[in-house]
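Asks: Each chain, written out:
Number of protein chains: 2
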Amino acid sequence: MSATPLAYVDGAFVPAADACLPIEDLGLQRGYGIFDYLRVSGSVPLFLDDHLDRFLRSADIMRLPLAHDRQGLESIIHEVIDSEALTVSGIRILLTGGPSSDGYTISSPRLAVIRQPLSAPPGQLPATGIGLCSYGYQRQLSSVKTTDYLMAVWLQPWLKERGGDDILYHDGGLVRECPRSNVFLVDEVGFLVTPKDGMLPGITRKQVLAVAERIGIPSVQREVRLEELHRAREVFITSSTRRIVPVRQIDDHILSAPGPVTQMLWDAFLAHEQAYLRAHAR
Amino acid sequence: MSATPLAYVDGAFVPAADACLPIEDLGLQRGYGIFDYLRVSGSVPLFLDDHLDRFLRSADIMRLPLAHDRQGLESIIHEVIDSEALTVSGIRILLTGGPSSDGYTISSPRLAVIRQPLSAPPGQLPATGIGLCSYGYQRQLSSVKTTDYLMAVWLQPWLKERGGDDILYHDGGLVRECPRSNVFLVDEVGFLVTPKDGMLPGITRKQVLAVAERIGIPSVQREVRLEELHRAREVFITSSTRRIVPVRQIDDHILSAPGPVTQMLWDAFLAHEQAYLRAHAR
Chain A
1 MSATPLAYVD GAFVPAADAC LPIEDLGLQR GYGIFDYLRV SGSVPLFLDD
51 HLDRFLRSAD IMRLPLAHDR QGLESIIHEV IDSEALTVSG IRILLTGGPS
101 SDGYTISSPR LAVIRQPLSA PPGQLPATGI GLCSYGYQRQ LSSVKTTDYL
151 MAVWLQPWLK ERGGDDILYH DGGLVRECPR SNVFLVDEVG FLVTPKDGML
201 PGITRKQVLA VAERIGIPSV QREVRLEELH RAREVFITSS TRRIVPVRQI
251 DDHILSAPGP VTQMLWDAFL AHEQAYLRAH AR
Chain B
1 MSATPLAYVD GAFVPAADAC LPIEDLGLQR GYGIFDYLRV SGSVPLFLDD
51 HLDRFLRSAD IMRLPLAHDR QGLESIIHEV IDSEALTVSG IRILLTGGPS
101 SDGYTISSPR LAVIRQPLSA PPGQLPATGI GLCSYGYQRQ LSSVKTTDYL
151 MAVWLQPWLK ERGGDDILYH DGGLVRECPR SNVFLVDEVG FLVTPKDGML
201 PGITRKQVLA VAERIGIPSV QREVRLEELH RAREVFITSS TRRIVPVRQI
251 DDHILSAPGP VTQMLWDAFL AHEQAYLRAH AR
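In order, the protein sequences belong to chains A and B.
Numbering follows my numbering, with no gaps: position 221 of the first sequence is 221.
Numbering follows my numbering, with no gaps: position 14 of the second sequence is 14.
Any given hint could be a false lead.
Any copy will do: because identical chains look the same in the list, a pair fits if it lies in one copy or spans two.
[As the list claims (entries may be wrong)] With a straight-line cut-off of 25 Å between C-alpha atoms, the simulated DMTMM-like cross-links for lysine to aspartate or glutamate are:
(1) LYS206 - GLU161
(2) LYS160 - GLU24
(3) LYS206 - ASP267
(4) LYS160 - GLU84
(5) LYS196 - ASP165
(6) LYS160 - ASP50
(7) LYS160 - ASP60
(8) LYS206 - GLU228
(9) LYS160 - ASP102
(10) LYS160 - ASP10
Derived by calculation from the structure, the hints in this document are not laboratory data.
Make the full structure from the sequences, and use the hints.
Replies: Set out below in structure tokens:
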């Protein structure tokens, strides 16, 4: 193990504190970049295959050619992880537009892998839910994990003023996502429902749908209207950093949280995550 | 004059080749940043006051507190310009979200001023116009010069496939702008017309409206529909780097270009620019 925490930047491992990119990079000049972010438990990157699948898909849609194959990416990620012992951390894999002679044309994207401190997610399902404030907004190229969080950052003061915990994007009343989480509801007959289109397909979302199937909770991916959330039995959001978080309020609508289905899914997801960690122990 | 071309980055002048920003900056991580870009003729930054007005307004709307006042910005810009003798160049003033402990909260934005090579604009109005391809898209926070050019960069292969020279954004048929230019038309009675809302208010746009008034061409800023461009007498776009560029085609609609009003505006604008340069000679 190295004495210095390392980052990988554009072809070389460097001390993490020195990780920087040229100002003329399209990632900064034109906001053109993708990333993925995953939680690392000890030295195990959680659901790495899923994150790499999404990262490679994002790169493809954004027409950002990658100099590394999947195995090359994995080995960079492991080398960054192994440079410092941390109980919980986050790995950010960033791919930017790189240099460009005309400020538009992509030639050689820059890859960076950095590790960031992360608080451990709670050990059990949070006993009190969070409040969401809805906002009409459709993310650009929503199936891609771009670095475009312009509206999310810009809306933070608006969110604080309203006393909310997170923003819920909808497009003309169709539920999309929170800036860093997916949204689920449990409907009146006990179905698990989550939006199908117009949002980033989250890795925790995918895993929650898988564990739901395993424990016999029927689920459906389809268009979801904002009013459906208001009258849902349960609502929760999912993310790689926090797993499952119950929602107790959406704008002025109060919900009971956490609900029994959310609890079952939390328990099953936690067991699933622990099995993953055992299977991938390094 | 220094031996090395300089850039200003986050509090210090550094060799231009070393200008970089930390990867964890919100400008890269969250695409949260603004900029302004101006043409420099010799050592004179053109229409600097207008560009600084817009830059300060952009910073304000984006809630990015600036450590420098207007005079401080001017003196940084001049120091960067004076570090290298160039006939024509571009100055980029960038303000990013800076570091953030939670990846969202803005505390101390980072300012950078870099100079980039630039071809001189043509000495006379281009004799042949360009072709625009229309695309339904509304820029986020359109009155702000954000670094968000995600769609513009992403659409470049689409534009090339169609053989177009630039993209024309419209929102449900309402003309907005080109990614780096404003759009004008001359209507059937000789009025100069340009969109009023939903686009970035360009500095060349502002100056063209001013010279139009001076030479007696009536103008109006209002909603403009795509169909109006198709049947316009003349269409042109404006930008700081290219002044005025005639448009000869929009999708499948052919226009005559350049037209007489465009030519009058070019002549008046060029004289206006030369007067500015004389008045601001350093």
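Asks: Find the hints from earlier in the document that the structure breaks and name them by number, from lowest to highest.
Replies: Violated hints (numbers, rising): 1, 4, 6 and 10; every other hint is consistent with the structure.
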